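Taken in sequence, the protein lines are chains A and B. Residue numbers for the first sequence follow the numbering used here, beginning at 1 and rising by one. Residue numbers for the second sequence follow the numbering used here, beginning at 1 and rising by one.
Derived by calculation from the structure, the hints in this document are not laboratory data. Where hints are given, some of them may not hold.
Here are the simulated PhoX-like cross-link-like pairs (lysine-lysine), alpha carbons at most 25 Å apart as the crow flies [to be verified]:
1. A/K262 x A/K234
2. B/K53 x A/K183
3. A/K206 x B/K206
Nothing here was measured: the structure is a model prediction, and the numbers come from that model.
There are 2 protein chains.
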Amino acid sequence: MTSDQLAIHTFTTKPWSIDECIENYARHGFGGISIWRETVEGEDLARVSRRLKDSGLKPVSYVRGGFFTGTTAEARRQAIDNNLRIIRDSETLGLPMIVLVCGATPGQSPRENLSQIQDSIAAILPAAENAGIRLAIEPLHPMYAGDRCAVATMADANDLCEALNHPLLGVAADVYHIWWDSKLEQEITRCAAADRLFAFHVCDFKADLEHPLLDRELPGQGLGTCARVNDLVKAAGFSGMTEVEIFSRRYWTENQHQFLEKIKAACAPLR
Amino acid sequence: MTSDQLAIHTFTTKPWSIDECIENYARHGFGGISIWRETVEGEDLARVSRRLKDSGLKPVSYVRGGFFTGTTAEARRQAIDNNLRIIRDSETLGLPMIVLVCGATPGQSPRENLSQIQDSIAAILPAAENAGIRLAIEPLHPMYAGDRCAVATMADANDLCEALNHPLLGVAADVYHIWWDSKLEQEITRCAAADRLFAFHVCDFKADLEHPLLDRELPGQGLGTCARVNDLVKAAGFSGMTEVEIFSRRYWTENQHQFLEKIKAACAPLR
């Protein structure tokens with residue numbers, strides 16, 4: 001895969017400001033960018049949008065909405081309001097898609113969490129439709145199913161999409177989160193066949209994590225799951241940009257230009 | 001749940017020898033014991049068996065067989081031989097069931113791993129039948145699916161059991177590994193309905209793990225998933241002993257008698 005087929009998530013180069021991300025991703029020859037809310041906090045979003053247009057980078061997604069669950073109706077209503085704001089910000093930034101990390105509340109069962117998630121996505125879909133922005137549900141690894149995201153498999157995400165059945169609602173498939181699933185091929189096929197495979201993220205999983213969130217690896221450097229899942233996603237017909245989303249305390253201490261070159265080299269063997 | 005309904009896994013009190021485990025579990029009023037191979041390494045198993053009989057503790061399971069996968073036929077044959085030895089040892093110890101942690105080899109897909117696991121279990125079932133020993137496939141959390149156990153869900157375990165369809169082959173359901181699954185209720189019901197729910201382990205999952213293997217919690221002290229899964233398992237008709245299997249570097253530094261009393265208190269609210 002050549003670098004113009006890759007989009008970088010700004011959290012991947014966490015030490016950089018949004019201006020540094022835009023300038024350097026373009027300079028290193030990457031094709032696109034996905035912007036994290038953390039990277040543009042306190043920024044003038046209209047200014048960022050102009051800068052993004054000038055860069056020639058393809059705007060891929062805004063990361064991340066969601067976190068819909070809560071034990072009270074008031075908490076869930078606030079989460080919906082927050083997501084409506086995120087949709088407006090995404091529109092201002094010129095980003096056509098929002099990645100949803102859907103939330104999970106300790107003490108609630110997966111079914112309770114998923115039911116709240118479904119209701120809340122239903123509540124924000126009209127605003128997404130008005131803005132013409134796609135929503136991509138991202139299943140997270142079951143490590144995070146208790147406190148971050150009850151959508152723990154491609155099947156969970158596909159089930160939600162089927163229940164809500166809206167052309168702007170689909171799935172973000174991230175290798176880091178889904179590689180382990182014996183039902184992966186059938187669920188990727190199911191997702192793509194319904195035109196719901198909106199996004200594909202690469203990042204490798206390490207067997208012996210040193211941190212539950214921030215110890216992710218370059219494709220091929222961990223368990224080596226990216227090539228297989230990339231093949232499945234491409235065989236299912238996915239033709240969008242491949243997004244690189246690596247959180248790593250280790251890589252963040254390195255020179256970020258060199259890190260980008262390592263990403264390029266690690267993704268090159270992917271078809 | 002009273003302590004006579006609980007069996008302790010010897011790895012839970014890792015600092016203790018097998019003799020200390022047997023003596024102290026009985027003294028603290030626990031009903032049963034599951035013995036780890038690590039705890040009896042180098043021991044005269046016939047002597048341990050006599051000591052176990054004298055203690056009045058119910059022998060529950062031998063932990064753990066499995067690790068069947070490998071990139072070469074020779075590696076897989078050695079794993080089968082090892083499991084045949086484990087079956088003989090389990091018989092010597094008087095333990096009626098072996099827990100299988102089935103293995104996963106980095107670089108192999110879940111499907112490849114599961115296919116090798118199925119073939120290898122088929123190869124050891126006749127020996128288990130001769131010994132009258134039950135084999136319990138334990139699904140492990142998907143954190144471990146790349147290098148320890150490709151059986152990552154109750155569905156995977158149920159599928160394997162269905163494919164091999166043998167009355168001595170069933171499933172060990174461990175809260176730590178399966179709490180996150182939105183399909184859990186249906187898969188526990190499916191397992192129990194086929195008389196395959198052989199074992200039930202309790203241990204709570206922490207959201208922010210400090211170690212990928214050795215940072216497990218007492219029921220109710222982590223995400224609080226044990227009560228819900230315990231209810232599901234009991235509603236499905238499970239009537240065996242509830243096994244306590246907690247690996248924790250933190251608890252291992254404490255007085256193990258006090259740790260056992262904490263376990264008793266933490267399990268008391270479970271139905």
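Here is what the structure says about each hint:
At roughly 23 Å between alpha-carbon atoms, A/K262 and A/K234 fall within 25 Å of each other, so this suggested pair holds. Note on B/K53 and A/K183: the hinted pairing is violated, with a Cα-Cα distance of about 44 Å set against a maximum of 25 Å. A hinted pair counts as satisfied when its Cα atoms are at most 25 Å apart, and A/K206 with B/K206 qualifies at roughly 19 Å.
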